[in-house]
Every structure is written in structure tokens, then in C-alpha cells.
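Chains V and E are the protein sequences, given in the same order. Everything in the first sequence is counted per my numbering, starting at 1 for the first residue and increasing by one. Everything in the second sequence is counted per my numbering, starting at 369 for the first residue and increasing by one.
By construction, these hints were calculated from the structure, which means they are not laboratory data. There may be inaccurate statements among the hints.
As the list claims (entries may be wrong) - Distance condition first, Cα-Cα at most 25 angstroms in a straight line; then the derived PhoX-like pairs of lysine-lysine:
id	chain 1	residue 1	chain 2	residue 2
1	V	Lys-166	E	Lys-467
2	V	Lys-29	V	Lys-163
3	E	Lys-467	V	Lys-29
4	E	Lys-467	V	Lys-28
5	V	Lys-130	V	Lys-29
6	E	Lys-437	V	Lys-225
7	V	Lys-166	V	Lys-28
8	V	Lys-130	V	Lys-79
On a predicted model such as this, the values are computed, not experimentally measured, just so you know.
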Amino acid sequence: MSLVFWTLAIALITAVTCALCGTYLVVKKEALVSEGISHAVLPGIIVGYLVFQDRSSPLLILAAAATGLLMVGLVQLIKRTRLVDGDASLGIVFSAMFSGGVILASQNLRNVHFHAQCIIDGNLATAALKTVQWGDVDLGPQAFWMMALTLALVLTFILTFYKELKLMAFDESLARSMGFRPVLMHLVWLGLVSITTVSAFEAAGSILVVALMIAPPAAAYLLTKNLFPMLNWSVVIAVASSVVGVYAGYHLDISPTGPIALAAGLFFLGVALFAPGQGIYSRWQLRRQQKSSVFEQLLLVQLAGKTDHAAAAETPRSPESLFRQVAWSRRQFEAALGRCLERKWILRQGQQYLITQDGRVHVEKDLY
Amino acid sequence: MLMIELLTDYTFRTVLLGTAMIGAVSGALGCFAYLRRQSLIGDVVSHSSLFGVMLFFLASYWLTGQGSKSLVVLIPGAICAGTAALLLTRTVVQRTRLKQDSSLGVMLAIFFGAGIVLLRWVQRVDPPIPGRRGLEDYLFGMAAAMTQDDLWMIGILGFLAILVMLLLWKELKVYTFDPLFSHSLGYRTAKLDTLLVMILVVGIVIGIQSVGVVLMIALLITPASAARQWTRRLGTMVILASLTGAVCGLVGSVISATYSHVPTGPVIVLASTLIFVVSLMLAPGRGIVSRMLHRSKLMSTIRQPNAGGDLP
């Protein structure tokens, strides 16, 4: 199998796992916990490496994931004292743990290849090169199988506890009153997030993990109001971003992680602007349409006269008298007049304007 | 090295002064981020600034044929990108259903992703861009590499940010604690918000040089969170946070200069975390220790026979 194929495969499976993990974080409004975890696992990875002397040992992954949970626990501990407001505790704890990790690395790993780049954007291509052999058969890269295992874990958890997760995500108090244990569930979930972060760390680095855990679910959040479609959408967007990112990275001859993160972010931006009904641009356009429609109606009402039924009430009006009566700006007035003429709702007779039958139907349909 | 030797060393004095100034400025401004419950913007701004840094580096290369790594070029870029990221976050929060933290996270993906793409491209592109070596230091911070020019840049920008804060003290104070009230007083809240965002961004980007993008958030909020434990007044809090930041900057540079191979940034962060933990424990009236004392006193009162007087 070619290198590009495996790079893409690792990118895809990482993206899907992260997007699934992130959906709950976004729904629960704690998306940035992933940023905290992705940095706080560093001391765990380094201690694990010092103890096990093997960067891909499963024990290391568990140890590092435990560090992620430790961070969550410390944050909860500080929050419980109610002495620190908002998200400050998260920032304080993860930066302190990351500092510890950097100092540990600077003291102990100076002669080991522990590249700074790995922390930030990982290296998908290198990860794709490290393959596992089974007998004589080349099974593909280790990173792929590690992520596949993580994905299986996450999927099993989601499928088993879908109902509970849904309840917990949207109404924690209700879940508690029904006898579920949302706090425990939440901790297990953050444990899964930690495991995903750590197993993706070497291939993807912290930037990609955070980007993929937040951007696709955030985009999906704007596309739907239901949990199941949201999971689907975030997987779709994650897959699309990794394909685009790997392609761009291949052409620029750089590690694809940065491009994937950027692609995921841009997909979000596209959705935020153009999502039907929800998008910023779509809503702006809708508002503009509504506004001009109100102007047209007001103009037609002026021409139709005050009584509803009597067709005789309509009198031709000069544009100047109409303009004085509506008291809009000249530009608004002319635009509305133009649109009404174009749609044949009013007629021009010499210097005067007259409402047509169509215009009368239109204004009555909408107003009465 | 001995203390005396250190203090007479020119390079070290530059670093000492730089980290202390950065600590003081970001500590003071951090109070506003902390009180507005926007602590994590520090993280997003510092990461996002990489994009602006890379754009301005490339612009300096296209204009002069030599990529510049001087802070005079890079910091304006960082300020532009950081401000853009925060304003975009504000737009997304105001105009869509998405909440603050997810919007911040998405901006992180866009701006930091774009910054990393540019950085890796600049490092790989052929023919090589002159001056591209060492750009990565921006990510992790190189306090020891601070120059006299950098010091001036940090000093002037920090001074300007603090000056704006002091001039608009009353307005910013009201806006921070009660945005609706400040709006009802007739303040231009949208403009105030943009201004506050801009001075915060300035406070953040001048510090990245010393601790790197990941740890900048600690310089911003850890001193503020520690200071908050000791006071209920904004003025006192800003002064305390500023002092904490400065002291931690000094401690960090002294320790990292004394021991070999200890990076400055993490030491600064750990020093301020220590002060934070101590504050959490010992703060008078609300600290954990004083709370426990209070509770044990209450418990002993309750345990006394006939504690509440006779029942009616």
C-alpha cells in the first residue's frame, strides 16, 4: 500500500474519532476542555516514556490518558471551592501541567529524539511509515490500528449508552432525577476523550486533535437540532476536511495536520455563513427580503386607499404626494416603487401611479 | 553563576526587565479577562497570533527580500490576527446559536491551523526564504533571546495598553462588571468591548516572546486568579496581579539562568501557579484554610451541650 493511502487512512480514522468525541463536548458547552486535555497529557506522555521506554506502548497511552483525567479532576476540585470564576481553573491547571511536562522533557529527554513539532502538529507521514508486521504480512501502520481500536471503543460506548448520553448532554438534572449518574458518565466520556487525544498525539499533534474535536461538531451544531444527525454531520465534515487537508498537505509538501485543521475551520466558517436558516449570510438575506417586502406592501396600501373592498377608492397618485406620505428616504422609496412596477403591482399612467388588480390581490392576501 | 555576576550581565538584565514587564502588563490586563469570564481568550489569541506573525514575516520578505523576525514587524501582525480572531468569535456568538467556548475553539482551528500551514510551508519552500530559521521559536518562546529592540517594543506597547486601561478605568470597570448597566449609562459598549479586546490582545502578544503560545494563558489569568482571592476591589486586584506577574517573571528568569537547560516560560508559569495555590489556601476570609477553621469553630459550638439555648 502506498504511503499516501495510509496517511489518508490515518487522517480519516483520527478525524472520525475526534469528531465523535467532540460532539458531546460542543453540546455540553465545554469544547475547550479538549484544548486543556491535549496539553495536559504531555507530562503523562513523558513520564510514561521514561518508565516504559517505548513511545507506542499501550501502557503509556493509559498512563497519559490518566493524566488527562487528572487534569479534569483538578479542575473540578478547584471549581468546587467556588473561589475561581468561569473557565479560569481550566487554563490554570492545563498550563501548569504543560509547564511541568516541558521542564521534565528539558531535564530528561535531551538526548532522545523528542521533537517539538510532534507536540504541535505531529507527523502523519512518519506515523504512516511505522508499520507493524505479522509474520511476513505487512499490516499497515501502527498508528492506524491504534486509532481503529480507539474508534471501536468510542463507537461501542456511544452505541451502548446513546440514550444516557443524550439525556446527560441536554438535561443533566433530569438525568440525575431519573437515577442515572451523569457525573460518572461525564468522567468516563472525558476519559475516552483523553484516550483519543493520546492515541492521536503522535500522528496528529495537539492542534489537529483540538481542531477536529471542535470545528466539525460546531458546524454540525448549526446544521441540525437533533443529536443523531449532528453526529452524522460532524463525521461527514471531519472526513471532508481530512481529504482536503491531506491533498493540500501533499501538494504543499508539508505535514497534513495543519491543512486538515484549517480545512475543518473553513468548513465551519462556510456553514456559519451559509447554513440554510441558521447561517449569518442566509439570515441577513432573509431579513433584507422581509424588509423590502414590507416596503412594497406599505406602498401598495397607500395606493389602494383606506377601504378594503371598494375598488372605487383607488385614485391615481403622483409620485411626489406618495413620497411625502410614506416619509422614507428617497432611495428606499424609489427602490420600492421600482420593484412594484417590475412585478406589475402598480401601473404608470402619465405622471401618476395606479394600483393594478394583481397588486390589490397581493396586498389583500398578505394583510387581511 | 552568582547573583552579582548575573545582575551585571547585560543580556540577563534585558531578559529580567523584559519578563518582569511582560508579567506586570499581562497580569494587570488579565484581571479584565478573568472578571469577564473570558479566561480562555488568552489561549485562543496567543495561538491565533501565529497566523498574523507568519503573514507579516512573508510581507517583510516580499517587500525587502529578507524575512524579518524583529518584534517590530511581527507584533503588529500578531495584534491584527488576535483581534480578528476575537472579533470573529464575537460575531459568531452574536449571530448564531453557537456558544462562546465552541466559537473560540473554532477560531483556534482556523487561525492556528492557517498559521501552522504557513509556518511549515515557509520552512519547506524552495528556494528558501532568507531569515526563516528560528521562526518556530515564536511557538515555544525564547525569553533568553530577547534583545534591546524587543525590550523597547514590549515597553512601549505595554505602556500604551496600561495607559488606555487607566484612562478608561471607570468605563471599563462598569462595563466589565455590568455590561447592561454601562449601556444604560450611555457608554458606547460595542466600542468599549472592541477597545478592551484590543488592549487584551496587545497584553497577550507582547508576552508570547517570553513563554510561547501555549503558556501565555497562564501569564494572563493565573496572577489574576491569585489576586482575586485577596481582595474584592478591582484596583487592588489589578495592582496585586501586576505585582505577582512581575515577581514571577523575575523568579522565572533567575531560576532558568541559574540552572542549565531550564526553560524560562514553564518556570514562570509554575511560580505563578504556586502563588495561586497558596492564595487559594491562605486568603483571609475566603481561603480554604480559613474556611476550615470557621467550620471547625462552628462544629465545636454546635457540639457543646445546650448549644442553641433551651428549646421553646
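Quiz item: Does Lys-225(V) lie within 25 angstroms of Lys-437(E) when you go C-alpha to C-alpha?
Solution: Not OK: Lys-437(E) and Lys-225(V) at ~47 angstroms, beyond 25 angstroms, violated.
Practice problem: Please work out if Lys-166(V) and Lys-467(E) have their alpha carbons no farther apart than 25 angstroms. | Solution: Given pair Lys-166(V), Lys-467(E) holds - Cα atoms ~19 angstroms apart, limit 25 angstroms.
Quiz item: Given the hinted pair Lys-130(V) and Lys-29(V), is their alpha-carbon gap at most 25 angstroms?
Solution: Judged against 25 angstroms, a Cα distance of about 37 angstroms means the pair is violated.
Self-check item: 25 angstroms limit on alpha-carbon distance, applied to hinted pair Lys-130(V) and Lys-79(V)
Solution: Violated - the C-alpha atoms of Lys-79(V) and Lys-130(V) are around 42 angstroms apart, more than 25 angstroms.
Quiz item: Lys-29(V) and Lys-163(V): Cα distance at most 25 angstroms?
Solution: 19 angstroms, holds
Quiz item: Is the Cα-Cα distance between Lys-467(E) and Lys-28(V) 25 angstroms or less?
Solution: This hinted pair holds, its Cα atoms lying about 10 angstroms apart.
Quiz item: Are the Cα positions of Lys-467(E) and Lys-29(V) separated by 25 angstroms at most?
Solution: 7 angstroms, holds
Quiz item: Given the hint that Lys-166(V) pairs with Lys-28(V), does the C-alpha gap stay at or below 25 angstroms?
Solution: 10 angstroms, holds
Checked against the numbered hints given earlier, the structure breaks hints 5, 6 and 8 and satisfies all the rest.
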